[in-house]
Amino acid sequence: MTVAVTRFLGGGGQAFYSLTAAAAIIAALPPLLVALSIQRYLVRGLSFGAVKA
Amino acid sequence: MVLLAWFVFSLFPLVWLVLLSLKSESEQISTYFEFTPTLRNFGTVLSSEGARLTSVNFSEAVLTSVLNCVGAVLVSLVIGVPAAYAAGRWQYRAPVTSCSPSCPSGSPRADGDRAAVRDLQPARPFRHQPRDDLGAAAGHHALIVWILRSYFQDLPPELEQAALLDGYTRTRAFLMVALPLVRPGIAAAALLAFIFAWNNYVFPLILTGSGTPR
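As they're listed, the protein sequences go chains S and C.
Residue numbers for the first sequence, in the numbering used here: 1 to 53.
Residue numbers for the second sequence, in the numbering used here: 1 to 214.
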């Protein structure tokens, strides 16, 4: 996927900056979804550590 | 106030990225701020037109990446969590950071250390298939072990000792007592590992290259 994003900058051909930007935004969505979905556990992990210390 | 200004300033690349993605071909180099926002670029990227421009099907590439990253995270968790437990629980004669293969051997402790190292190895072998991206797993493996090790160390050993006293084996004490308690740590490590795998560029570039032996 990272490789696919850079293909829009064109290796030899024309560089499509708008398309690259759009592709980068689409590529940023999955990690965001993963982060949001386990956010509950993350916050608990932080407070858990704080209580321990 | 200064903080706020710095916040806006440091986020500006993202703003710029979003703005750029909404502009059409001719607007992207204009110096005026005004433009008519369009979602066409997103459509182009995902459609066959984008595939024609880059000779890569982008949505398929994203899906492959998701599969790869989830697989890499699962592999490193399955191998890394027990390794982290071993690394967190074993008492070393020397601090773990200075323990090398040359450290005093023959003692059960050093054997345990070697067992932990041996646990790390199955993630190594490279398959020359982009779909089984075990290379990504090997890359952030140490990270998972290191993060989870501190979580296991924070856990009072008395909890498992009580379980052992009640007749649990070491494995069962690990699975039933220690593992549920470090779940938040596992979530944090998994997220980091996923992001690292997702942002990885060099491995996919080499493994999906046309010159790669399949």
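Possibly wrong hints are sitting among the right ones.
Said to hold, decoys possible - Examples of chain S residues lying across from chain C (beta carbon under 8 Å, computed):
#1 Thr-2
#2 Arg-7
#3 Val-34
#4 Ile-38
Derived by calculation from the structure, the hints in this document are not laboratory data.
Ideal placement from N, C-alpha and C gives every residue a C-beta, glycine not left out.
Quick check on the hint: Ile-38(S) CB to chain C CB, less than 8 Å? holds (5 Å)
Holds or violated: is there a CB of chain C closer than 8 Å to the CB of Arg-7(S)? Arg-7(S) check passes; min Cβ-Cβ to chain C is 4 Å, inside 8 Å.
Hint check: 8 Å Cβ-Cβ cutoff, Thr-2(S) to chain C: holds (4 Å)
Minimum beta-carbon distance criterion (8 Å), Val-34(S) to chain C: holds (6 Å)
Of the numbered hints stated above, none is contradicted by the structure.
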